[in-house]
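A.B. asks: As they're listed, the protein sequences go chains A and B. Mapping the first sequence onto this note's numbering, position 25 (from 1) lands on 25, and the numbers just tick up by one. Each position in the second sequence, counted from 1, maps to that position plus 290 in this note's numbering.
Hints are computed from structural coordinates only; laboratory data are not their basis. Because the structure is a prediction, the values reported are computed rather than measured. Backbone N, C-alpha and C fix where the C-beta goes; we use that ideal spot for every residue, glycine too.
Heads up, simulated DMTMM-like pairs for lysine to aspartate or glutamate below, C-alpha to C-alpha not over 25 Å straight-line:
id, chain 1, residue 1, chain 2, residue 2
1, A, K134, B, D350
2, A, K134, B, D346
3, A, K134, B, D376
4, A, K134, B, E357
5, A, K134, A, D170
Have a look at the derived ranges for each label pair, beta carbon to beta carbon:
id, chain 1, residue 1, chain 2, residue 2, range
6, A, E76, B, I308, 37 to 45 Å
7, A, S156, B, I308, 29 to 37 Å
8, B, V554, A, E172, 48 to 56 Å
9, A, N124, B, L322, 35 to 43 Å
10, B, W349, A, V267, 49 to 57 Å
11, A, T133, B, T397, 29 to 37 Å
12, A, R121, B, R366, 27 to 35 Å
13, B, W349, A, D281, 55 to 63 Å
14, B, R453, A, R121, 22 to 30 Å
15, B, R353, A, V267, 49 to 57 Å
16, B, D346, A, G249, 45 to 53 Å
17, A, P30, B, A335, 50 to 58 Å
18, B, R366, A, P171, 37 to 45 Å
19, A, E69, B, T511, 24 to 32 Å
Partial pick of chain A residues on the chain B-facing surface, computed with a CB cut under 8 Å:
id, residue
20, A51
21, V88
22, G89
23, P91
24, A98
25, K107
26, T133
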Amino acid sequence: MNGSLISLRGVGRSFGATQALADVDLDLGPGVIGLLGPNGAGKTTLLRLLATALPPSRGEVRVLGRDVEVPAQRTEIRRRLGYLPQEVGFPRGFTAFAFVDYIALLKEWADPAVRHAEVRRVLNLVGLSHATTKRIRAMSGGQRRRVALAQALLGSPPVLILDEPTTGVDPEQRVTLRTVLAELARTSIVVLSTHQTEDVAALCERVVVLDQGRVRYDGAVTDLVRRAAGRVWLADQPDPAATVSWRTGTGRYRNVAAQARDGVQHVEPSLEDAYLLLRADRSGTGMVTR
Amino acid sequence: MTGWHVDDETLRRYVERIDSVAEGASVEQHVLRCERCRARVNTAAAAADLAVVDLDAVWDRTRGAIEVPRPSVFERLLTAVGVPSDEARIVAVASAFHGVWLVGVATVIAFAALAAKIGGTGELWFVLAVAPVAPCLLVAVSYDWRWDPALEPEMATPYPVLRLVLLRTIAVLALALPAVLLLGLLVPGQPPFVWLLPAVGFVAVVLAASTWINPLNAATTVSAAWFVAVWLTRRAYSPTEVLEARTQVAFLVLAAASFCVFVVRGHHLTQLRPRG
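In isolation and in its complexed conformation, chain B is listed as follows (with noise of 0.2 Å):
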């Protein structure tokens, strides 16, 4: 016998049943040998109104933990950077944010960025052709029909369609950004940053574009026409002239410009588009 014994606090838990387990276990075990904190639970179980006790939110919150799905990494993610949880779940689901679709991307660019740093300046053509459409791929796979399989529930809810693509793409940016600056960085010759207005850009063109078509079908046109494009000039052109100034303003222009028209036609994104 110690002369310990449970502090008063305690007490109420263990005799409201709101204690942990391993709290209560602790307190069992000593009452067990000490009377007078036995007769201390029998004075409060006694002077305790036990029927305060909602054993019904005692089994939801029991079923609560069981059932209720833990968040994804990415989700933990943005919500630590502020993003509310329920708009971190509706985002979280999209396919675009599943390890295998950025891992796919994220080695596409590398491998692009580490041919421009072994072939020097030569291949930057591919580094060009591949890195500023990466971002917008991710942006269509993260609110296309084809890779949103629940998208038709989803659409007659009432949550606003314009809300979520702005909240995918948004979430696309922040993580695949990032990893073009990264990349960006093996370039050799380049500051990083002339990367993200012509990404910035393409996702607008593909947000602007999916209120006619599909986003999917947008991102692949915009991408093959980038590619082409770089490829055909690279003899004509250095690939360095295309992240000059001048270029850079365009992009700028073309992202505003994209953006308004996504704003003024985001109405016709709330409708199934009939597939084909």
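This is chain A alone, in the form it adopts within the complex (with noise of 0.2 Å):
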């Protein structure tokens, strides 16, 4: 276990003929770990095992080392389980309050004064404390996300399984997440998926990436970006030996190269780089794993 609070031993999920995940070895510890990867690439599949939802296929997923497979320890994985899934449904005329409520009803907070404080807390974590009795369905699609993430901050579980959690969440309250995430990341694992990197640049000490169901690196945010030093410039033009290449704003063109370019005017490189970098380079060759 080396001190992992999540460890995955040669995991594989299938659905039918369709293989989402394959022979997954993770171990998780303390802090932020960002998922990146593109659409079915496993995300959400490997999330859903993590959080209890689904079996696996093939392995051991074992989650503050209990076995996800085994009923009771199952259990008490979820007692200690903050999970918000890719897509959340709500019952018809709830409101934000009465859906946590709901949830944390079901999460064992049976007082009813201490469970309705804790609701008014995680939802004024996530900045809906003036929509507390709005009906979920005239809010705008960021704040029925909220209303989402709040259910999973209930209790500040130690363990927090989170599916695009930003999606659809404005530049400010995105920030003000980030602040929530970061203060819990102090004393629980956040395992969050995104396909904004700049969340994951902006949170997480490590980066899963994953591609296919396998997994393509693992490993620091910073050593990631580090491998597309040198590899990014700016030019009037779109570089012909460029992997990726697009107008910014400026009206100047950014270029990201597999290969390191002399003679142009290099940028620090972003994570966003990095992993398009890693995404183009889907031969295998180059790639890094921990």
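Using the supplied hints, reconstruct the complex from the two chains, each of which is provided in its own coordinate frame.
C.D. replies: Written out as structure tokens, the structure reads:
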């Protein structure tokens, strides 16, 4: 276990003939861990396995030392888990307060006064203290996402599994949510998937990149970014030597190439540049795993 | 000026600000005109340790009155018959207990019963095909993922899924069986209770089958199979034969066996099944 809070050994998950995850080995410790990958890479399946919502087809998943396949241990995991699924529906006619209160009931918050205080606390954390009595149906997409996130934060659980927590959330609220998650990561393990590389760069020390159900990179965010050093430059035209090239807001072209390039105006690489390079290199050469 | 003065208890509640709005307004009106009660208020206010008034608690109560949702009619009904309020909330969230489903199923059964009433025993097969399967369809809706939009976060909680399913099943039966009985009164020539065992039997089959497949798939398969079986045999057998004692015993055995399977395999309900 080497001190890891979550461990996966040879984990695979198939849906009929489709293999969503294959031979995944991971050891995750405290802090915020970001999951990156294209659509269909297996991020949601992996998070569902960690959240005990889906059983693995093969291999072993342990959370806080407990086996997700053993019913009694699964319940113990769920007592210490906050989970935000990719899509959350809401019962008809519910307000934000009613929904989070309902999930709190299922999470064994029996005392109404204590439960209501906790519901207020988490709604306040996600910036919805002014909208507790608003019907969810009348809320914007970003507000609904925050209601869904609030239920995952109930009780400040030691394990937090978040599937695209910032989707649809405005930039100001995203910054607020990052602060909340960073604070939680002092005492918890937070595993989040996202398409927003800037969220990973701002929050995570460690990033796992998945592609076609396999781990393509697992390591420090800074190490991944460093791999793109000397490979990102600005030019007035798209460079044919670039692997990826796009026109920026200044009218100049940002070029990212698999090979280092001399004689150009290099810029500081971002996590997005490094991720794009990794994605472009799908043959497997130069890939780094921990 | 009347001879009436504020009594001690009302005065204490007024000073400690734990009286109702109407009560407080009444005391205030009186105190404005009554020197004696004004003096008593001053004395009581000076003596009272006003720090004991927990303003946070007062604020929480006020917020609670606004934020905490009022229980639905169905939830209040469950509480009235002795279900704890927490369990009542968990049961009542299910889509099956929303008006549209209940009205829909009741309407179908009512039409079937009415058809039998008007058409005589010749149309009894339709009631036989519809009435016993209506409760199992409602049970399936009460915990099928397609009708429970919050299923995924619900599943990641420690609340026992088996308990959730059973509670919702009991609630459906408590609603649907009296309706089936009542509507059975409209059917000529049959005591209304003969519909009960087939209905319970099919509910148990759906519960057991849902440990392998999605509940609604199970319920629609059972319903369709039953409908076809009744329709195909409607000329060979009288519908009343299906409801005779021998068949009733068969339904009882089916219900007991299916329920045992459900309890043994119940742990399979605790995780998502791949869609499709």
